[in-house]
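Q: Protein chains in written order, with our numbering: chain R, 1 to 120; chain Y, 1001 to 1106.
Just so you know, not all the hints are guaranteed correct.
To be verified - Derived lysine to any residue pairs resembling SDA-like cross-links, with alpha carbons at most 20 Å apart:
(1) Y/1102 to Y/1028
(2) R/19 to R/59
(3) R/23 to Y/1042
(4) Y/1042 to R/117
(5) R/23 to R/3
(6) Y/1042 to R/42
(7) Y/1042 to R/43
(8) Y/1042 to R/2
(9) R/19 to R/93
(10) Y/1042 to R/115
(11) Y/1042 to R/10
(12) Y/1042 to R/44
(13) Y/1042 to R/1
(14) R/12 to R/89
(15) Y/1042 to R/59
(16) Y/1042 to R/108
(17) Y/1102 to R/44
Unchecked claim - Covered, in the sense of this in silico footprint (three residues per stretch, anywhere, with C-beta under 8 Å from a C-beta of chain R), are these stretches of chain Y:
(18) 1027 to 1034
(19) 1041 to 1049
(20) 1091 to 1105
By construction, these hints were calculated from the structure, which means they are not laboratory data.
These numbers come from a predicted model, not from an experiment.
All C-beta atoms, glycine included, are put in the ideal place defined by N, C-alpha and C.
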Amino acid sequence: QVHLVQSGAEVKKPGASVKVSCKASGYIFSNYDIIWVRQAPGQGLEWMGWSSVSGGNTYYAQNFQDRVTLTTDTSTNTAYMELRSLRSDDSAVYYCARVVVFHTSSFDFWGQGTLVTVSS
Amino acid sequence: DIRMTQSPSSLSASVGDRVTIPCRASQSIGTFLNWYRQIPGKAPELLIYGASTLESGVPSRFSGSGSGTDFTLTITNLQSEDFATYYCQQSHTGVAFGPGTKVDLK
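With the sequences and hints as input, model every part of the structure.
A: See the structure below:
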């Protein structure tokens, strides 16, 4: 069965960086893309970016393109999201999800979420 | 950019009710529209893709309709686990989620 397992909660100071991992299992990692979405407390879902695992391309939402880097490691079936220059309003739960491009790019399996808290 | 709107932001219902949740896109997106349910404290789960195709394993009480700019998620015979927030998401150009509609207990 498909699983996406994310790294644990992080506490960071303003200005620092955070790197969240998302380890995939149960399917051929390179056959599906990975997206990252975040959710601030009590708020909705915000798309951050998209990793094309097989092609190596990345696409970033305009709000994040200057501060986020998405990478994938096909040797370990792991995707990574690094966010730099953290601010207090970056405190949120960060999710990875698998993209099913041939099903109108829907996101069929999600990681459990990683809580990132930014506080001085 | 394509913007998604969902109104109302919340609605109240009872177990067994039929509920309809609207979603509107700022421009035509064909049927590149997906629906998710999010139970508090949990990750979202895919319900419908392509505006009307039920994701494998999702109960048949969920259905979707619409094309272009106006879409609807319908839940018949509402169950206790359906008291949650529902998000639409477009994938026609980039990715964008609607702000969500919370279904709570009347």
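Q: Is the hinted pair residue 1042 of chain Y and residue 10 of chain R satisfied, with a Cα-Cα distance of at most 20 Å?
A: Between residue 1042 of chain Y and residue 10 of chain R the Cα gap is close to 18 Å, so the pair holds against 20 Å.
Q: Assess, step by step, whether the Cα of residue 1042 of chain Y is no farther than 20 Å from the Cα of residue 59 of chain R, and give holds or violated.
A: violated (26 Å)
Q: For the pair supplied as a hint, residue 19 of chain R and residue 93 of chain R, confirm whether the alpha-carbon distance does not exceed 20 Å.
A: Holds, because 13 Å separates the two Cα atoms, which is no more than 20 Å.
Q: Taking a Cβ-to-Cβ distance below 8 Å as contact, does the region 1091 to 1105 of chain Y have at least three residues touching chain R?
A: holds (count 8)
Q: Regarding the pair residue 1042 of chain Y and residue 1 of chain R, is the alpha-carbon distance no greater than 20 Å?
A: Cα-Cα ~19 Å, so holds.
Q: Are there three or more residues in the region 1027 to 1034 of chain Y whose C-beta lies closer than 8 Å to some C-beta of chain R?
A: Coverage by chain R holds here, the residue count being 4 at a Cβ distance below 8 Å.
Q: Given the proposed pairing of residue 1042 of chain Y with residue 117 of chain R, does the C-alpha separation stay at or below 20 Å?
A: Given that 20 Å is the threshold and the Cα spacing comes to 18 Å, the pair holds.
Q: Assess, step by step, whether the Cα of residue 1042 of chain Y is no farther than 20 Å from the Cα of residue 108 of chain R, and give holds or violated.
A: Holds. Residue 1042 of chain Y to residue 108 of chain R sits at ~14 Å (cutoff 20 Å).
Q: Would the pair residue 1042 of chain Y and residue 44 of chain R pass a check requiring their Cα atoms to be no farther apart than 20 Å?
A: With a Cα-Cα distance of about 13 Å, the restraint between residue 1042 of chain Y and residue 44 of chain R holds, given a limit of 20 Å.
Q: Holds or violated: residue 1042 of chain Y with residue 42 of chain R, Cα cutoff 20 Å?
A: holds (13 Å)
Q: Can the restraint linking residue 1102 of chain Y and residue 44 of chain R be considered satisfied, given a maximum Cα separation of 20 Å?
A: holds (11 Å)
Q: Check whether the Cα positions of residue 23 of chain R and residue 3 of chain R lie no farther apart than 20 Å.
A: holds (8 Å)
The earlier numbered hints that this structure contradicts are 1, 15.
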